[in-house]
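Going line by line, the protein sequences match chains A and B. FYI, the numbering for the first sequence is 1 to 112, going by the numbering used here. FYI, the numbering for the second sequence is 1001 to 1112, going by the numbering used here.
None of these hints come from the bench; they were simulated from the model. Note that the structure is a prediction, hence the values are computed from the model and not measured. Be aware that one or more of the hints could be misleading.
[What the hints assert, rightly or not] Coverage of chain B stretches by chain A, computed from C-beta distances (three or more under 8 Å per stretch; other residues unrestricted):
| # | stretch |
| --- | --- |
| 1 | 1074-1085 |
| 2 | 1099-1106 |
[Stated by the list, open to error] Just the calculated beta-carbon pair ranges, DEER-fashion:
| # | chain 1 | residue 1 | chain 2 | residue 2 | range |
| --- | --- | --- | --- | --- | --- |
| 3 | B | Ser1082 | A | Arg96 | 29 to 39 Å |
| 4 | B | Tyr1051 | A | Ile51 | 38 to 48 Å |
| 5 | A | Gly63 | B | Glu1015 | 20 to 30 Å |
| 6 | A | Thr5 | B | Ser1026 | 27 to 37 Å |
| 7 | B | Asn1027 | A | Leu112 | 18 to 28 Å |
| 8 | B | Pro1010 | A | Lys71 | 16 to 26 Å |
| 9 | B | Gln1001 | A | Ala61 | 31 to 41 Å |
| 10 | B | Tyr1039 | A | Lys83 | 28 to 38 Å |
| 11 | A | Ala61 | B | Gly1095 | 39 to 49 Å |
| 12 | B | Leu1046 | A | Ser67 | 20 to 30 Å |
| 13 | A | Gly16 | B | Asn1055 | 21 to 31 Å |
| 14 | A | Asp38 | B | Leu1046 | 42 to 52 Å |
[Said to hold, decoys possible] Short, incomplete list of chain B residues facing chain A, as computed with Cβ under 10 Å:
| # | residue |
| --- | --- |
| 15 | Lys1002 |
| 16 | Gln1006 |
| 17 | Pro1010 |
| 18 | Leu1011 |
| 19 | Val1019 |
| 20 | Met1034 |
| 21 | Tyr1049 |
| 22 | Phe1061 |
| 23 | Tyr1071 |
| 24 | Ala1090 |
| 25 | Ser1092 |
| 26 | Ala1096 |
Even glycine gets a Cβ: it sits at the ideal position worked out from N, Cα and C.
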Amino acid sequence: DGGITQSPKYLFRKEGQNVTLSCEQNLNHDAMYWYRQDPGQGLRLIYYSQIVNDFQKGDIAEGYSVSREKKESFPLTVTSAQKNPTAFYLCASRDRGAQPQHFGDGTRLSIL
Amino acid sequence: QKEVEQDPGPLSVPEGAIVSLNCTYSNSAFQYFMWYRQYSRKGPELLMYTYSSGNKEDGRFTAQVDKSSKYISLFIRDSQPSDSATYLCAMSSGGATNKLIFGTGTLLAVQP
């Protein structure tokens, strides 16, 4: 089955700790995205990548970092600099051209 | 003013009703319009994808875009309890990054 797999489903972070959220896709999509979803605020773009070894900041990149070493993988690290990390994190990908984005099932991050 | 406005609801309807969900936007450069359905604790699922103005129908779902009024709608006919979810509108102006701007979502409850 082709799709986007996010893991873990739930994640807990201690103060001062960095945590990494995994996103893997087997759709052979070029572009990948990370969003944060908070109640009443909709989805906000954190980072995106259009090709391997290249990525750009989105609207709320502070306190986050990413890498894109392989086409199918786009991990997101939530660093200790992100002071309000509790949220639902969504990864998306899309094929080239004017194709819509497709989403994984998210990771819910909470603070211990 | 937000670029995309969407009534958060909640909207409660009886089974079998016709549901109308709407978004307004301010950026006249938007050309691509999407509706996503999101169940609780899941990622958004693409329902409808349209380009420019006009109507698109898929089963019980119809998407309408009125670019002159900067207004998009999603109609659900013969609504079912399984349609109970949050519906997100999203739009973009296209281009290489295909950055999506999302509404905050409308929570729909279809009562059996």
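For which of the previously enumerated hints does the structure constitute a violation, in increasing order of number?
1, 4, 5, 7, 8, 9, 11, 13, 14, 17, 18, 19, 22, 23
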